[in-house]
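A.B. asks: Given next are the chains, with one letter for each unit.
Protein chains: 2
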Amino acid sequence: MATWAERLAGVRGVLLDITGVLYDSGTGGGAAIAGSVEAVARLKLSPLKVRFCTNESQKSRGELVGLLQRLGFDISEGEVTAPAPATCQILKERGLRPHLLIHDGVRSEFDDIDMANPNCVVIADAGEGFSYENMNRAFRVLMELENPVLISLGKGRYYKETSGLMLDVGAYMKALEYACGIEAEVVGKPSPEFFRSALQAIGVEAHQAIMIGDDIVGDVGGAQQCGMRALQVRTGKFRPADEHHPEVKADGYVDNLAEAVDLLLQHVGK
Amino acid sequence: MATWAERLAGVRGVLLDITGVLYDSGTGGGAAIAGSVEAVARLKLSPLKVRFCTNESQKSRGELVGLLQRLGFDISEGEVTAPAPATCQILKERGLRPHLLIHDGVRSEFDDIDMANPNCVVIADAGEGFSYENMNRAFRVLMELENPVLISLGKGRYYKETSGLMLDVGAYMKALEYACGIEAEVVGKPSPEFFRSALQAIGVEAHQAIMIGDDIVGDVGGAQQCGMRALQVRTGKFRPADEHHPEVKADGYVDNLAEAVDLLLQHVGK
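Which chain is which? The protein sequence lines are C and A, in order.
Numbering of the first sequence is given in my numbering, commencing with residue 1 and proceeding in unit increments.
Numbering of the second sequence is given in my numbering, commencing with residue 1 and proceeding in unit increments.
Derived from the structure by calculation, the hints contain no laboratory data.
As the structure is a prediction and not an experimental result, all values here were calculated from the model.
Watch out, some of these pointers could steer you wrong.
Unchecked claim - Per the computed footprint, the stretches of chain C lying under chain A, defined by three or more beta-carbons under 8 Å from a beta-carbon of chain A, are:
{"id": "1", "stretch": "130-140"}
{"id": "2", "stretch": "168-179"}
Claimed, not checked - Now the stretches of chain A that chain C is said to cover, found in silico as 3 or more residues with beta-carbon under 8 Å:
{"id": "3", "stretch": "127-141"}
{"id": "4", "stretch": "162-168"}
From the three backbone atoms N, C-alpha and C, an ideal C-beta is built for every residue, glycine too.
Okay, chain C solo, but in the shape it has when bound:
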């Protein structure tokens, strides 16, 4: 295998996943992953460009950033690419009026969106909001549309809370896709448009960028599809089987963000 110096050659920008890389979410807000607060601080002191690229869809960007700041992270709202704001832009551009199946925490992002007489469904990680009743409601809206449009904020399979693994929006997106016989439009990783908008925000080309995430498919596979390099951290939802994934091979596996930043600062961006 190539040396780290070879694998990291020419990297100018870093995209950082948030949940499972910076912190584990959970009741009471969650907990920073050991070493990640310092790792982000060191990265931001280096010449490398840094952008946070998350599929978090339970919280508004403001809430998420506030939580991370309380955990000690140096992060501001303007540094975060998140699916809810990207979705609002799409809704406005296409004249779509959503029925929302989302967590209350992210509802404020949709404050200036027209929701009368819905002509699409927007689904996000609704957590406990994924009740049978709420799923039926979204399902019936779709079944009454001549051309049903389902927009999903990410398509993650699951994530890790401090209390254990939790089903993510992707599972419920698949349920609605199957029930309605349709295919959802995904806003968020691994959608190439989403990665590109994050890169654009820091003015870095894909071949000069590296993604650091805990999701072998959504983060690593998605970023590689866009021409970026990608590292998987062994925190968050990482599972040992990920290192032998049948389709995706990361450019490197590291124990945590701290190790990734050690390697980056050692080999690039001096």
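Start from chain C and add chain A according to the hints.
C.D. replies: Chain A alone, transformed into the frame defined by chain C:
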């Protein structure tokens, strides 16, 4: 198109779907579909063999039959092929100890099944039981197994209650399949084993049998795959688009069970 006499030639046995054909389920037990009580009675007076073949998995066979009898139907438990008893047989044969994600109404069918230290998940139409918490529990059981086994009682997309369309077990099966990266084993329609066991119970060959159902894929497509003929009724979950389904074409479309029985008694089984 062939005449009804040609299409129905040689039919000796009839498989009847229950929900959406005999009755629409709903709060308070549901309601018989107009003409169906008399249609079943007439069919049973004819020389045609009759078997009820249902994916109902919210109720035990006993409960379902009791409900139908109260609605006026001539039906007994021994005449019904249903997925829960078929599942119990599979669990015993393979030494599987299930974690159950099912409706309380069907729990009694599993009374003599060992459920200690589960090594598989059985999912059925759990209705309100499809909470986020219950889905996460089933998901975590699967993720802790080296070889996760998921058994689904049917894979219906949705059904119609008196209050509207409801998501069926298939949607939640797809959610768990996607989250775990596995494929479920389906017990019930459209599984060929399930149709064959119903035919065996009345001693009729597939080419001599006709299925009558409201589900274009599960009932009609499934039965045709087994070499049977199949009619779709325009009751229950039927939707006009079903008559132009891209993959499945019924041997006939009828307004309801009463019309199907009229045609059968007119052309066969005299």
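A.B. asks: It remains to establish, for every hint, whether it holds in the given structure.
C.D. replies: Checked hints:
1. Requiring three or more residues with a Cβ within less than 8 Å of a Cβ of chain A, the coverage given for the stretch 130-140 of chain C holds, as 8 such residues are present.
2. Judged by the Cβ-Cβ criterion of 8 Å, the stretch 168-179 of chain C is covered by chain A as claimed, because 10 of its residues qualify and three suffice.
3. Note: the stretch 127-141 of chain A has 11 residues with beta-carbon separation from chain C under 8 Å; the three-residue rule is met and the coverage holds.
4. Coverage of the stretch 162-168 of chain A by chain C holds in this model, with 5 residues showing a Cβ closer than 8 Å to a Cβ of that chain against a need of three.
Consistency with the previously given hints is maintained throughout, with no hint failing.
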